[in-house]
Amino acid sequence: MYEKHLMICGATGCLSSGSAKVHQALVEELAKHKLEKKCRLVMTGCPGFCEVGPIIVIYPDEVFYCRLKPQDIPELVEKHLLGGEIVERLLYKGPDVDAPARFYDTIPFYRKQKFNVLRNSGIIDPENIDEYIMRGGYRALSRALKMEPMEIIDEVKRSGLRGRGGAGFPTGLKWEFTYKAVGDKKYVVCNADEGDPGAFMDRSILEGDPHAVLEGMLIAARAIGSDEGYIYCRAEYPLAIKRLKTAIAQAEEYGFVGENILGYGFNFKFNIKEGAGAFVCGEETALLASIEGKRGMPRPRPPFPATSGLWGKPTVINNVETYANIPLILREGGLEEFVKIGTEGSKGTKVFALAGKIRNTGLCEVPMGITLREIIFDIGGGIKGGREFKAVQAGGPSGGCIPAEKLDLPVDYDSLTQAGAIMGSGGLVVMDDRTCMVDLARYFLSFTQKESCGKCIPCREGTKRMLEILERITEGLGKPDDLDRLQELASTIKDSALCGLGQTCPNPVLSTIRYFRHEYEEHINEKFCRSGVCKSLFDYFIDPELCNGCTRCARICPVGAISGERKETHVIDPEICTRCGSCVERCRQEAIKVTRVRREADVNH
Amino acid sequence: MSTIKLTIDGRQVEVEPGTTILEAARKLGIDIPTFCHDPELAPNGACRICVVEVEKARALVASCSAPVAPDMVVYTESERVVQARKAILRLILANHPLDCITCEKTGECKLQDYCYRYGISESDFEGEVKDLPLDDTNPFYIRDMNKCILCGRCVGRCQEINGAGAIDFINRGFNTVVGPAYGDPIEKSSCVFCGMCVDVCPVGALVPKAGIGKGRPWEVKKVKTICPYCGTGCSLYLHVKDGCIIGASPDFDGPANRGHLCSKGRFGWDFVHSEDRLTKPLIKKDGVFVEASWDEALDLVAEKVRDLIKRYGPDSLMGLSSAKATNEENYLFQKLMRSLGTNNVDHCARL
Ligand SMILES: Cc1cc2nc3c(=O)[nH]c(=O)nc-3n(C[C@H](O)[C@H](O)[C@H](O)COP(=O)(O)O)c2cc1C
Ligand code: SF4
Ligand code: SF4
Ligand code: SF4
Ligand code: FES
Chain U
1 MYEKHLMICG ATGCLSSGSA KVHQALVEEL AKHKLEKKCR LVMTGCPGFC
51 EVGPIIVIYP DEVFYCRLKP QDIPELVEKH LLGGEIVERL LYKGPDVDAP
101 ARFYDTIPFY RKQKFNVLRN SGIIDPENID EYIMRGGYRA LSRALKMEPM
151 EIIDEVKRSG LRGRGGAGFP TGLKWEFTYK AVGDKKYVVC NADEGDPGAF
201 MDRSILEGDP HAVLEGMLIA ARAIGSDEGY IYCRAEYPLA IKRLKTAIAQ
251 AEEYGFVGEN ILGYGFNFKF NIKEGAGAFV CGEETALLAS IEGKRGMPRP
301 RPPFPATSGL WGKPTVINNV ETYANIPLIL REGGLEEFVK IGTEGSKGTK
351 VFALAGKIRN TGLCEVPMGI TLREIIFDIG GGIKGGREFK AVQAGGPSGG
401 CIPAEKLDLP VDYDSLTQAG AIMGSGGLVV MDDRTCMVDL ARYFLSFTQK
451 ESCGKCIPCR EGTKRMLEIL ERITEGLGKP DDLDRLQELA STIKDSALCG
501 LGQTCPNPVL STIRYFRHEY EEHINEKFCR SGVCKSLFDY FIDPELCNGC
551 TRCARICPVG AISGERKETH VIDPEICTRC GSCVERCRQE AIKVTRVRRE
601 ADVNH
Chain Z
1001 MSTIKLTIDG RQVEVEPGTT ILEAARKLGI DIPTFCHDPE LAPNGACRIC
1051 VVEVEKARAL VASCSAPVAP DMVVYTESER VVQARKAILR LILANHPLDC
1101 ITCEKTGECK LQDYCYRYGI SESDFEGEVK DLPLDDTNPF YIRDMNKCIL
1151 CGRCVGRCQE INGAGAIDFI NRGFNTVVGP AYGDPIEKSS CVFCGMCVDV
1201 CPVGALVPKA GIGKGRPWEV KKVKTICPYC GTGCSLYLHV KDGCIIGASP
1251 DFDGPANRGH LCSKGRFGWD FVHSEDRLTK PLIKKDGVFV EASWDEALDL
1301 VAEKVRDLIK RYGPDSLMGL SSAKATNEEN YLFQKLMRSL GTNNVDHCAR
1351 L
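Respectively, the protein sequence lines represent chains U and Z.
Residues 1 to 605 in this note's numbering are what the first sequence lists, from first letter to last.
Residues 1001 to 1351 in this note's numbering are what the second sequence lists, from first letter to last.
Please note: incorrect hints may appear among the correct ones.
Label pairs and their in silico Cβ distance ranges [what the hints assert, rightly or not]:
(1) U:517 / Z:1056: 44 to 54 Å
(2) Z:1057 / U:345: 35 to 45 Å
(3) Z:1007 / U:16: 51 to 61 Å
In silico lysine-lysine, BS3-like type, Cα no more than 25 Å apart, as pairs [to be verified]:
(4) Z:1130 / U:450
(5) U:479 / Z:1086
(6) U:294 / Z:1188
(7) U:38 / Z:1130
(8) Z:1188 / U:494
In short, the hints are calculated from the structure, not lab data.
Keep in mind the model is a prediction, meaning the values are calculated, not measured.
Heads up, the beta-carbon is just placed ideally off N, CA and C, and yes, glycines get one too.
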């Protein structure tokens, strides 16, 4: 019998902050103290709080240790495992707690979260099917096997579940269309392409709880009458793919996959298709083309995949997170629980990836209807370095920015769309006063232009011209009619592009113009970038009131643009300065400010 | 199944389910512009010039691929539609050479026609313009991808109909091009030079070499005929100017070929006006060929045939006819041979 369970996060976030080395140190230290039989060490999926990784949670004590290094391990083993004493030094500390916090319910990051989809992530060993079963896994499947297809579909419809992959289409309805479509063969496809830069909830679910996705797909297959499925996962997710393969093999061994599943005469086979990582391959028709071995290019809909999908057969295609919700809805009493969470039009929870200038980067799962303010300030801990919040980009390259005055917006499909953003896959990129909104729009458009499949003219040619205009504006070459031209191009592209990529890619431009028009106008008319991002549109200067002559800035400047004696005000020579910003980061007094460029013309006046 | 009734530009039309808006509009004689639409290919929806406004739809709809629905109300030239079409044309022109003066396609170029129709003479976008090398290494046609508008018809024809799969889309975004794998010249690809791509290209990106500089489309008389190369009977048009064949194009309504031709039927007409071609009978006299009249030549042949039969019997003769002859001619030829008393007749079933 194990006395302690040590759950160490083995997901991509913590692996990159060094959890493999911490794991190795633990293995050695446990062996040294002959604790292998008493302490069970598990590499789990992501518990969400990547900012403070690597993370270990020790059960049954429920203690959350973070920011671990291999050299912390001897002390952890000595004090906690052998001595029964909590190592305060390694607990969570931050400006949002008075004292070091011990566990989920005392760490503010977790307090407002609601774990549905991430229910098992960080808690079970994702490579062990027994642990999934122990937490109620595959019960929804065995219940569904006793139900009629339309009964299953009806429960999914009543749950109000909407697709988590972007568009928010009602899942039950999609299943019904596919169920009713005529075909000698039907497919169930899982969209695990996750192309939105910054989003990683799908990877996290696959790495932390792969069986939940398999179970969701199996239930979908039972509902629509399919015997074969594909999981389209980007090849950059090797751990997710490995865990999926393990999970499929184990499920097969247990009789949940394969022939005559659980004796109900239901057969199902999984295939994994590794995608090469094109953003557009997340679009469902492009994804299906890619599985068929063709170039990933969208095609017109109708016909929708529900009637003519993979190899022309009726096909249900859903997102990873959508499938992970299904077992929760279909299990005994699950539907009643599910509909209690969320808003009228958006039921359940949503996982968000917090990124950008936010203190707590990572994943969080929240009930629909929570406000952006709660996500960003209560869960996310506010802005890094205590700076001022400017806006949040919701929905990635297809989404839009939402400014400070809309922070109390409830997060649900319809409110976000109304505000000019979208739910998308759940990426939230937080921006502070040092983010230039014109540059942000330029960045997203350069992404979509590069990722456009090149098929249709408005998207391929239109985004190029929009990007060129934005580039000119950020270089100080903006013209008075640029804003009109941008809006005109944006409306043509939205109105006439073939697929969702083109139809939504003007959103970042339109929403930044809508909420931050003055920044565009400053760039164009005054040749000034107040955020200090567009290098030819500002100078740095040192505020003599604040500068204490510490010399830190002068020492870091790579081009020697800063002069000044110790304890005396320093000065930046704008002719030499390359606006790399190193000094700004370095100055403890926040004395280095952004100012308008002094031009010859200004001097002559 | 019952038919579907809808309204297009205020006029009622009744069509079969599954009909596209474009087809329904054509039934009413309404001309919606198209670049990428190809009746023989699966709907592609690439160029978007065919967009129309459908009441209650969020965005404009590509009429070439959108099926009709009951009680649909469609506007094919509304202000919103025209604005989008103009924007699309301006976007194309911003990345397209404006050398119509010397372009071989002038006069039958869809881009020209639609720019004319919507009054677009230039583009006001400034920025990068593609600058790709010409592919003119093969003897049949030039690929100028700077003129390509990426409609994809050539790709679809080559893959779905010919099956050669010689070309596809390469790269993404602004850098997307159509071409053979690895950027090879077309000659090194699996292209069989059927020319189907050339025939469907709506612009001047694919140009047959034979006709370059020899005549404008409106100066050319298109003479419908049957290809004499083999017995399939492909129907085609010879492009004739001043009594000379300067090119050919397939007959898309030809019952035997419906627009398909092989490389010979499509490109192989230079022999007609070749200097090396025999146009008069030649008789060898003292070891040298000398021009003769038909009567002279036929008399000589008849005399020799008669002589051979007399001396060695009819089976000493053999007749070999040409695949370039028609069935009727071949029939007559074998009849002739048999009337001379021999069954020794053959045919070079090669070209
Ligand atoms: C350009 C583009 C990229 C997309 N990328 C993804 C993706 O990475 N993952 C995903 O699940 N859906 C993506 N989608 C949405 C899919 O097309 C599709 O709507 C979704 O997979 C349906 O599943 P759902 O109903 O469960 O959301 C993308 C759509 C577009 C237009
Ligand atoms: S909108 Fe863009 S990505 Fe979508 S089909 Fe058109 S070119 Fe391709
Ligand atoms: S000539 Fe025929 S085979 Fe060659 S690229 Fe064109 S369509 Fe394909
Ligand atoms: S070469 Fe012609 S047919 Fe082929 S994609 Fe370009 S424009 Fe279309
Ligand atoms: S003709 Fe309809 S999209 Fe090209």
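| field | Violated constraints from the hint list, given by number and in increasing order | value | 1, 2, 7 and 8
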